[in-house]
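Chains as they are written, first to last, in our numbering: chain A, 1 to 156; chain B, 157 to 484; chain C, 485 to 655; chain D, 656 to 1027.
Fair warning: there could be bad hints in the mix.
[Claimed, not checked] Keeping only pairs whose Cα atoms sit at most 20 Å apart, straight-line, the calculated PhoX-like set for lysine-lysine is: (1) C:Lys-603 with C:Lys-571; (2) C:Lys-571 with D:Lys-981; (3) D:Lys-919 with A:Lys-24; (4) A:Lys-24 with A:Lys-41; (5) D:Lys-841 with A:Lys-28; (6) D:Lys-954 with D:Lys-981; (7) D:Lys-844 with A:Lys-28; (8) D:Lys-858 with B:Lys-464; (9) D:Lys-845 with A:Lys-28; (10) D:Lys-696 with A:Lys-24; (11) A:Lys-59 with A:Lys-100; (12) A:Lys-28 with A:Lys-59; (13) A:Lys-152 with A:Lys-59; (14) A:Lys-24 with D:Lys-845; (15) B:Lys-290 with D:Lys-686; (16) B:Lys-290 with D:Lys-696; (17) C:Lys-651 with D:Lys-981; (18) C:Lys-609 with D:Lys-696.
Just so you know, these hints were derived from the structure itself, not from any lab.
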Amino acid sequence: MGTYFSDIIRGLWSLLIGLSITFKEFFKPVVTVPYPFKTIKMTERYRGHVELIENDEGKPKCVACGMCQRACPSGCISLASKSVSYEVEVKGEMKTKKKKVLTKYDLDFTTCSLCGQCVESCNFQALTFSKEYNLASSRKEDFHFDLLNRLKERNS
Amino acid sequence: MSLTIFNALVAVVAAIAFAALNAAYLVWAERRGAGRIQRRPGPNVNGPLGLLQPPADGLKLMAKQLTIPGGADKALFVVAPVLAMVPAIMSFVTIPFSDTIVAHSMNIGVLMLFAFASLGGLAILFAGWGSRNKYGVMASVRAVSQSISYEIPMLITVITIVMITGTMNLKDMVAAQAGGFWNWNFFPSFSSPLMPISFLLFFVCTLAETNRAPFDLGEAESELVAGFHTEYGSMGFGLFFMGEYANIVIGTSLMTILFLGGWNCPFGLYPGVWWFLIKVYLLIFSFIWIRWTFPRTTIYGLLNLSWKILIPISLFNLLLTAGLLKVF
Amino acid sequence: MTMTNESVKQALRDLFPDPVPVVDEPASEDAEEKEETRTNGVLERDHAAYGYDIDVQLDPGELLAAVMIVDKAGFFLESITGVDWIKNDQLEAVYDFSRYDFDTCRIVIRTRTPRSTPKIPTISKVYPGAGWHERETHDFFGIKFDGHPHLVPLLLPEDADFHPLLKDFKP
Amino acid sequence: MSGPIHIQPGETFTLNVGPQHPATHGVLRVKMEMDGEYIVKAETVLGYIHRMHELMGENRTYPQVLPNLSRLDYLGALGYTHGHVLVIERAAGIEVPERAEYIRAITVELNRIASHLFWFGAFVMDLGGFTPLMYAIEDREYILDILEAVTGSRLTYCYYRFGGLYNDVDDDFISATRAFIPRMRKQLKKYDALVTGNIIFRKRLDGIGIIPAEMCRKYGATGPVSRGAGIDFDVRKNEPYSVYSEFDFDTPVYHECDSLARYKVRMDEMEQSLRIIEQGLDKLPDGPIMPKKKPKLIKPPKGDYYQAVETARGSFGIRLVSDGSKNAYRFKLRSPTYSNMSLFDEACEGMLIMDALAMMGSLDLVIPEIDR
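Bound conformation, chain A alone (with noise of 0.2 Å):
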């Protein structure tokens, strides 16, 4: 009979502990962010998807070596390039060279994981990581991003 009562006591007692905590907790001020109102500054190493790094001339660094192609765990990169012919001076003398030139760099987000292995396998700092992150669409077409043209804007 004893136990009847005090369990029935501590009971109550440990509910209105409980209850004193819900009632601070009431008077504290809200933590939460209002999401579309208001938002917040990715970090410096948030991860988003890949974006093209330009030189000092506005054109990408990347030399279309397709490492990050071969990298890639979810093949979700497709790059082509063209070779072009230029002239460089060396030694006072026009010599003809070839090199590569990025003409396409797709990337396809829906099946990108965000894992970073491109970034990583780059040789020539030609990547790095966009802050974007509230990317929503009800279209499949929307995510096939086509960098170097995402480039070419951002630059314009």
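We have chain A; now place chains B, C and D onto it with these hints.
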């Protein structure tokens, strides 16, 4: 004659409007309150402070199609949400908000309120059984056993009050508690020393009767998906939802009338409907506060609480009060 | 290695009628040939290099006896899996056991069965937890576990008739 | 499909809990044979989110598998990637700089706390209390912010590399983690008062959902499930890997075998993880985070390697069978919840459905990790 019909119509419309408005805005209050307790703002986009959220929700629910599952008992399925809402509204007719604001004061007010309250269990039983869903059946069986076991201590407590005040008319009950707060039934007197415990008991029973957490076993969403209204969408669900809140208002009003002196001011100043509403909404706040603090009980824990703790205590209180009333 | 584990090792060794001399730690180069032609027996492995201590290979027929020894010594079942040795035309079932106490000892029991008729007795009578692991191995490799009470696909769809981890599996 | 259900007395009916059910926290299905509210027999059906990570591990080169491991368990991803890099390092014989190991231990423990916090919230939500989940998420956000600033992602980290780390931690990380420790201790006290002491909560767990030690052994249950059954087993202690032998921490063990014991184990583990983080930050050595000599192409020598690590859910093991090429020959993932869940069918027989689901919550299920 025509005037009385008109009066009655006005009273009924007012009761419905009060019930519906309360139901709608208690949802808002619940969500805001839950938000504050959980350190988030709650609905705040539609209108100032999110005050347009309930109409928006209502419109959304009304715009949806009411699907009736194949093999369901159509009649029961359709009747159930109505049965949940109508008794709740009807109960408002007899609740006195103040000395003058009462739709119809009758001598058996308490009895009528409890008669209507019992219908709520029936609505849940119909809903669970009619929707041909195993979760629904399990939930309705739970809810019915719950409402039966909690009506007993609740009624015994009310009998104690009836003995003290000597009337079953809600208005007279409040009148008997006039004066300062020491006259309220909540406070122990020589003839009824266990009244605070009675109040607590009544409070717990009201929580259980209105299917509120921590006694919301009828819709225990972590086990029974949504319990008896698993299959309900559209306004069928909306009616259950509003019925729940209307029941809360009735339960808290009853507590106010029975224990907290109705529209009487604690210090005998300016009695009126405002005191009644303040008390009711404070009680409702405590309901919300409790819901967002505690986990759910088990079905056997719930029945144990009723049969092993609440009923013996309420019976003891009844006997004690009866005896003491004879002495003093 | 503590007493319990020594006795387990001895008991496992006793399973083999002709005690094979304990092979020394195979160097990684010539392990290539040895792995292909390894005879049944008990090997002691360096925990730091391989992650387990005792490596047993036996015929499917002796499996239950070995598992009972391990069970009696209080080991728990870590996992069961398979390996497809397509060059040898064999499927290997690998059983991992470990201990709860501080006598850390991981036992690996391997048994091989022909690819065409892969059949291994179930150990779910000894370790009920093997039920799921065996079902999974059946899913992935098609090894039939003789006597398993409920050998239906677990992770693959109910009507799956393919075994994705076989080396000749083409999706 | 005509007429309402007719159940005769004594007749059982089948209840499909899941694959879409609030209590299963994912796409898990349990076919329950019910007698009223009592479970007569249960059969768990898996595979709704099976992705065949093991085949991916065979098809891809070793570095390409790195992101896969964090998709196993979305709550405690770092523990799984830790196991992965450790087994490859063991197989390929790569030396890991000490600083990298310390940072790994600190981040794994942070992630373990985050995982336990989320479990705590979800478990109380299983029991019907919603608010603790929000408090737990608030604290978890703090950890995720710390980890995001270091790793670049919030949930599916890809931070460890064979031989070291993706990038080094900065002073912000250290100060934020140091600030987090006292804050978390305070919060743990709050949870204790709000939830652990609560009479309703205790009544629902105390003595309910018994999983005895022998059952744990037969089914291979590890982690908090076995520690709640009185088994003092923690891979970090029993088979120390990484730098865990350097830390002074305890393994919380409770002997009650019930849901409450498993709950208490996890709550105590958070405190122990805090201790490890504290010591790790104190001892954090300077130095490189990647080894000086690292093979360009990872090709472990032929052999069969095994590595077990203690993740938030139990002992996670990877068996790597290498044939000396740049892909794994066999890449077996031994996930702890798979074994922990397999005993559910037997343990829940004869229980009320609400108790069984509370027990399921106390197993700390992450479905993608069961299905792999």
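Structure versus earlier hints - violations, ascending order: Going through the list in order, the structure violates hints 3, 4, 10, 12 and respects the others.
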